[in-house]
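Could you slot chain B onto chain A? The hints should help.
So you can see what is in the structure, the chains are spelled out below.
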Amino acid sequence: MEGMLINPLVIVRDFHLASTVIVAGIIFFDLFIASPLWRTKPPFRSAQARFQSSSKTILWISLAVSVASALAWLCLLAMRVGRKDLGDVISDGTVWLVLSQTQFGFAWQIRLLLGCLLAACLLPRSASGGRLSNGLAILAGLLAGAYLGSLAFAGHGAEGLGIEQNSHLVADFLHLVAAALWLGALIPLVLLLVYLWRFKEDGWVSAAGRAGSRFSTLGILAVGALLVSGTINAAFLLGGMHSLIDTSYGRLLLLKIVLFAAMVTLAGINRQHLLPRLSDGVEAGRADATVRRLVQSALVEIVLGLAIVCIVGLLGIMPPANEMAAHLH
Amino acid sequence: MRMLTLATTTLLTLAAMTAAYAHAFLDHAEPRVGSTVPSAPREVVLVFSQKLEGAFSSVEVTDANGARVDQGKPQISATTMRVGLKSLPPGTYRVRWQVLSVDTHTTEGNFTFQVGQ
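From first to last, the protein sequence lines are chains A and B.
Just so we're aligned, residue 5 is where the first sequence starts under this note's numbering, counting upward by one.
Just so we're aligned, residue 165 is where the second sequence starts under this note's numbering, counting upward by one.
Extracted from the complex, chain A is given alone in its bound form (with noise of 0.2 Å):
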C-alpha cells in the first residue's frame, strides 16, 4: 500500500483527473450558470470582470495540466509494459507502439485530439476578454464533456464484452461528466460568490442566491447521475458487501464513500439552510455571513473532492474487490 500511494502513476493519474474535471467544471458552470447571471439586469459588470479573468487563468492552467498529465501518464504506462525507463521508451519507440497499438493509446490520440480542439475553441473567449458567443459556449461544453467523458474508454470502459462493456463505458461517462458538474463547479462557484460579495454592486444578494440556487439544482442531477452511473457498476464492480471490510480495496472505498457521505451532507445543508438567506431584502451583514459560510462549505467540499480524487486514483491501479482470483484448471 505505501508503495503505490507514492507510484507516480498513481500522482499522475491524480492530476489528470482533478485537472480534466475542473476544466470541465468550469465550462460548464459558464454555460449553465454564469453566463445566464452576467444577461439579468442590473449588470454586473466590476464582479463580472474579474470572475472571467480568474476563471480564465484557473482554466488554462487546469487544460494545460491535463494535457502534459495526460502525456506522462502515457509515457509512464509505457514505462511500466516495456519495464525500461523513461530514456528507453522514447527513444526505441515503445511510447509509439503503446499510442498506436493499444486501446489505451487509441482512446489518447481522441482524448488529445478534443484537447486541442477545446482549447482552439476556447481562444476566442481569451481575446474577448472571457466571453463566448452561444454557440462557441455550447461547443466548448460539449468537447469539455467529451475529453473529460472519454477517459472511461483508456480503462474501465474497455473491460468486458458485449452489454457489459456498453454499460461500463456509458456508466463511466456519465459519471465522470457528472463529477465536473458538481466537484469541477465547485472553484468557480466560489469565485462567483467571492467577487459578488467584495464588489457589492446592486443586487449582488438576490445574484448570488440565484447562482447558488441553480448550483444546488446542478449538483442534485449530478448527483442522481452519479446514482445511476453507480447503479450500473455496482452489478459489476461489488462482489458482495463483506469485500469492504475484508480488502483493502474494499475499505478505501468505505473511506471515499465517507468522504462523499460528507459533501453531500454539506451541499444539503446548503440548499436547505444558506441558499433560503440570500434574497433582496435580507440585512447585509446577514447576507454577508451566509456567503461567507456558503464560500467556506464549498472549500471544504473541494478538499473533500480532492481526496476522493486521490482515492480514486490509488483504487485505479488495484484489482476491484470482486476480482476473482486466478483460477487454473
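Note that these hints are calculated values from the structure, not bench results.
Think of the CB as a built atom: it goes at the ideal place given N, C-alpha and C, for glycine as much as any other residue.
One or more hints might be untrue.
[Claimed, not checked] Chain B is nowhere near these chain A residues, computed Cβ spacing over 10 Å in every case: (1) I65; (2) V69; (3) R84; (4) V102; (5) Q105; (6) C125; (7) A150.
[To be verified] Here are a few chain B residues that face chain A, going by a calculated C-beta distance under 10 Å: (8) S203; (9) E217; (10) G218; (11) D267; (12) T268.
Coordinates of chain B only, in the frame set by chain A:
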C-alpha cells in the same frame, strides 16, 4: 431525512462507481495446469479474464533444460492467446506468460504440464 436517504443511496452506488480497473488473470489453459497429457500437444492455449493487448503480451514454453519449445510469436484474439509448439518428447514443460489487459494492467504467471509421463 430525504437528504439522508439520498446520501445513503448515493454512497452505495458510489461504492461501485470507483474507476476499478481489472487485471487479466488466467482463466484456463490447454494443456491444463499441472496436467499430464498422453501425447504431445501442438499448441498451448491460454484464456484470460480480460481482453489482451497483443503488442505487449507474450508466452514462452520451455523444457526441463530451459530451452524454448514454442514456435515464437503467439496469436492473440480477444481473451485468448495461443502459441504453436515444436514436437515435444515426453517430459515436463513450463509455460511462462506475461500479458497486458486492455485496461493497461500487466499480469504474469507460469505453470507446468507433462507429456506422456
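(message) Let me make sure I understand: some of the numbered hints might not hold for this structure. Which ones are they, in numerical order?
(response) 3, 4, 5, 8
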